[in-house]
Amino acid sequence: DTAVSQTPKYLVTQMGNDKSIKCEQNLGHDTMYWYKQDSKKFLKIMFSYNNKELIINETVPNRFSPKSPDKAHLNLHINSLELGDSAVYFCASSLTGWKQYFGPGTRLTVT
Amino acid sequence: DQQVKQNSPSLSVQEGRISILNCDYTNSMFDYFLWYKKYPAEGPTFLISISSIKDKNEDGRFTVFLNKSAKHLSLHIVPSQPGDSAVYFCAASAGSGGSNYKLTFGKGTLLTVNP
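In the order they appear, the protein sequences are chains A and B.
Mapping of the first sequence onto the numbering used here: residues 1 to 111, in sequence order.
Mapping of the second sequence onto the numbering used here: residues 1 to 115, in sequence order.
The set of hints was computed from the structure by calculation and includes no laboratory data.
Be careful, since some hints might not be right.
To be verified - Now the stretches of chain A that chain B is said to cover, found in silico as 3 or more residues with beta-carbon under 8 Å:
(1) 36–50
(2) 65–78
To be verified - Distance ranges between label pairs, derived from CB positions:
(3) A:53 / B:41: 27 to 33 Å
(4) B:58 / A:7: 36 to 42 Å
(5) A:60 / B:7: 35 to 41 Å
(6) A:65 / B:102: 40 to 46 Å
(7) A:7 / B:18: 18 to 24 Å
(8) B:41 / A:60: 39 to 45 Å
(9) A:99 / B:78: 38 to 44 Å
(10) A:7 / B:102: 24 to 30 Å
(11) A:44 / B:8: 42 to 48 Å
(12) A:65 / B:94: 40 to 46 Å
(13) A:15 / B:79: 48 to 54 Å
Where a beta carbon is used, it is the ideal one built from N, C-alpha and C, also for glycine.
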């Protein structure tokens, strides 16, 4: 009964490839997020969707595209992967208010 | 530009003693603050929060103090337990209402509680 799940947990790929990370939440939340934790350990928001509508879009390269097929899912597609994309990506969700529930993270390594 | 700063990358305390984790912020628009705890290979989990209209919020062994004039908040854990060993993230938000709950995180402090 995992609240927020992400697949895959680990992803190793080569530069130039296209990859996707999937996120699902079974909490009935309206809002979902993608965060990136880089090598310096900063956790930075990338995107936020509310009821399938994009509401936060930070300064993220166009190679990153979130897709929300329904309220329970928010997937992250990354095109033309670069070395600098290597990081841990966290999905999160919230109902209303500031309390966000995070998934376990996906460690992306680009070689 | 780090708007939320956790200047101590690590802290080590003895079991049973108090742990004090500090956080400073620069954005005066921040009006809601949260602490998250993170174990290795897991996502952050919510611990406690405080609104800018308060200066203290308590939940069991955890208390968060907010000093708005100093733009400083702290998390107190009393008594500390070995299971509290984790990375603690401070996060802040500028209230905008609606569904735009954007959190700005600090870099985290690794707390180690020694038995």
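So, going through the hints one by one against the coordinates:
For the region 36–50 of chain A, the proposed coverage by chain B is satisfied: 8 residues have a C-beta within less than 8 Å of a C-beta in that chain, meeting the threshold of three. Only residues whose C-beta sits within less than 8 Å of a C-beta in chain B count toward coverage, and the region 65–78 of chain A has 0 of them, not enough to reach three; the restraint is violated. Range check, residue 53 (chain A) to residue 41 (chain B): about 32 Å between beta-carbon atoms, so the 27 to 33 Å window is met. With their beta carbons about 38 Å apart, residue 58 (chain B) and residue 7 (chain A) fall inside the hinted range of 36 to 42 Å.
Between residue 60 (chain A) and residue 7 (chain B) the beta carbons are some 28 Å apart, a value that contradicts the proposed interval 35 to 41 Å. Checked against the given bound of 40 to 46 Å, the beta carbons of residue 65 (chain A) and residue 102 (chain B), roughly 19 Å apart, lie outside it. Checking the proposed 18 to 24 Å range against residue 7 (chain A) and residue 18 (chain B) shows it is violated: the Cβ atoms sit about 40 Å from each other. Between residue 41 (chain B) and residue 60 (chain A), the C-beta spacing of about 25 Å breaks the proposed range 39 to 45 Å.
Range check, residue 99 (chain A) to residue 78 (chain B): Cβ separation about 23 Å, and the 38 to 44 Å hint is violated. Range check, residue 7 (chain A) to residue 102 (chain B): Cβ separation about 25 Å, and the 24 to 30 Å hint holds. Distance hint check: the CB atoms of residue 44 (chain A) and residue 8 (chain B) are about 20 Å apart, inconsistent with the given range 42 to 48 Å. Distance hint check: the CB atoms of residue 65 (chain A) and residue 94 (chain B) are about 26 Å apart, inconsistent with the given range 40 to 46 Å.
Residue 15 (chain A) and residue 79 (chain B) have their C-beta atoms about 49 Å apart, which keeps the hinted 48 to 54 Å range intact.
Of the hints listed earlier, those the structure fails to meet are numbers 2, 5, 6, 7, 8, 9, 11 and 12, in rising order.
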